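Generate coordinates for the entire structure from the input sequences, incorporating the hints supplied.
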Amino acid sequence: MSLRRRSWLVPSILAFGFAFLYVPILSMIVYSFNNSRLVTVWDSAHSPTLKWYAALLRNHQILDAASLSL
Amino acid sequence: MSVSAASAFRALRTRGAGRWLVIAVPFAWLLLFFFAPFVIDLKISLADVRLAIPPYSPLLEWTENGMLAIRVHFNNYAFLFTDSLYISSYAYSLQVAAVSTVLCLLLGYPMAYGIARATPTTRHLLLMLIILPFWTSFLLRVYAWMGLLRNNGLINNALMALGLIDEPIQMMQTDFAVYIGIVYSYLPFMILPLYTNLEKHDLTLLEAAADLGARPAKAFFRVTLPLSLPGILAGSLLVFIPVVGEYVIPSLLGRPDQLMIGRVLSDEFFANRDWPVASAVAILMLLLLVVPILLFQRMQRATTEPGP
Chain U
14 MSLRRRSWLV PSILAFGFAF LYVPILSMIV YSFNNSRLVT VWDSAHSPTL
64 KWYAALLRNH QILDAASLSL
Chain D
299 MSVSAASAFR ALRTRGAGRW LVIAVPFAWL LLFFFAPFVI DLKISLADVR
349 LAIPPYSPLL EWTENGMLAI RVHFNNYAFL FTDSLYISSY AYSLQVAAVS
399 TVLCLLLGYP MAYGIARATP TTRHLLLMLI ILPFWTSFLL RVYAWMGLLR
449 NNGLINNALM ALGLIDEPIQ MMQTDFAVYI GIVYSYLPFM ILPLYTNLEK
499 HDLTLLEAAA DLGARPAKAF FRVTLPLSLP GILAGSLLVF IPVVGEYVIP
549 SLLGRPDQLM IGRVLSDEFF ANRDWPVASA VAILMLLLLV VPILLFQRMQ
599 RATTEPGP
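Residue numbers (my numbering), protein chains in the order written: chain U, 14 to 83; chain D, 299 to 606.
No lab work stands behind these hints: they were computed from the structure.
Please read these numbers as outputs of a predicted model, since none were measured by experiment.
Take these hints with a grain of salt, some might be off.
[To be verified] Covered by chain U, per the in silico footprint, the following chain D stretches (three or more residues, Cβ under 8 Å):
hint, stretch
1, 403-415
2, 421-433
3, 442-456
[To be verified] Now the in silico label distances, taken between C-beta atoms and shown as ranges:
hint, chain 1, residue 1, chain 2, residue 2, range
4, U, Trp21, D, Ala315, 56 to 64 Å
5, D, Asn373, U, Val43, 19 to 27 Å
6, U, Ser25, D, His422, 45 to 53 Å
7, D, Arg421, U, Leu22, 53 to 61 Å
8, U, Ala28, D, Arg571, 20 to 28 Å
9, U, Val43, D, Ala376, 48 to 56 Å
10, D, Ile591, U, Asp77, 24 to 32 Å
11, D, Ser435, U, Ser20, 31 to 39 Å
12, D, Leu358, U, Ile42, 22 to 30 Å
13, U, Ser25, D, Phe432, 21 to 29 Å
[What the hints assert, rightly or not] So, partial list: chain D residues that the calculated Cβ filter (under 8 Å) puts toward chain U:
hint, residue
14, Leu438
15, Arg439
16, Tyr482
17, Leu485
Note that beta-carbon positions come from the ideal geometry of N, C-alpha and C, so glycine has one too.
Below, the structure is given as structure tokens:
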């Protein structure tokens with residue numbers, strides 16, 4: 014059936030679009046486990062680490078701000 | 299009057315009252331939160347700047363001999379045309395908005411089409427995935443792009459590791475970064491109205507077109523595309539209008555030498571403390587947007603209501 018012939022075009026654009034939407038979010042999640050203070054330098058010797066999450070739980074200002082947003 | 303006619307009349311009257319109430323609520327809302335601020339803005343834009351609180355001259359003032367004086371200053375508007383900064387910012391904002399709208403359409407249309415033609419289960423999943431980025435902060439997502447685009451960011455590092463380039467490509471603080479950021483942030487606003495439109499299409503029309511000998515491409519351009527015009531217009535409007543006034547994305551990702559009008563506005567207001575000029579910038583921006591809005595509405599009326 015001729016309708017099926019070009020059917021790769023739409024799925025590939027869909028895949029590209031979703032990659033475009035999710036790469037920044039995923040990169041942000043990945044780099045939150047980075048040990049380095051520099052955002053884009055991956056410190057492979059000490060990563061992954063949860064130290065930013067520990068720091069987040071110690072920071073009452075951020076937690077108060079989060080509870081206010083909720 | 300017979301009983302049935304009287305009850306019908308009564309029903310009509312209550313329905314009329316109900317309709318009036320339904321209209322009154324959003325009307326009052328618009329009056330209070332759109333029209334009133336607009337009038338205040340207009341008033342400030344006609345004032346003169348002053349070192350006081352509030353930092354502008356009053357429009358109406360009682361003079362010493364008991365007369366009411368109205369002082370209207372048009373020099374704020376004249377000023378906008380004397381300095382090329384404002385004109386070029388307006389032009390640049392319109393250019394960015396137009397290009398971003400086209401880019402959103404080019405990427406969003408096939409995506410909306412793909413979602414609308416997927417099986418119901420996948421369709422809901424994909425729609426969810428479109429809406430999901432809204433759950434994270436808009437600002438954080440723009441910051442994430444800064445991490446990707448900067449000179450020692452993810453994209454440049456990956457390209458250099460692959461040996462495709464020797465030194466990083468300057469992507470931050472370019473128009474390219476602004477378009478990436480804006481298309482990224484506003485893509486869902488293009489996809490959702492397009493999806494709602496494409497999802498309602500009667501697929502038997504395409505079968506009929508195929509039966510009559512139209513190839514899929516021709517059937518798409520002759521049947522699907524014209525039918526989806528209202529969706530295209532709604533999506534374009536939802537992208538174009540807010541992008542013209544966009545302030546955060548160009549400030550974080552854009553060129554330092556060419557400001558968008560939203561940035562000029564905030565600089566006038568917060569850095570220069572020149573409220574009258576800032577108000578004049580806002581009023582002029584609104585007037586500038588009225589033209590495309592009216593144009594869009596006219597086209598929308600032409601596409602949704604078949605002419606006589």
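* Asked: Quick check: which numbered hints come out false for this structure?
  -> Hint check: 5, 6, 7, 8, 10, 12 fail, others pass.
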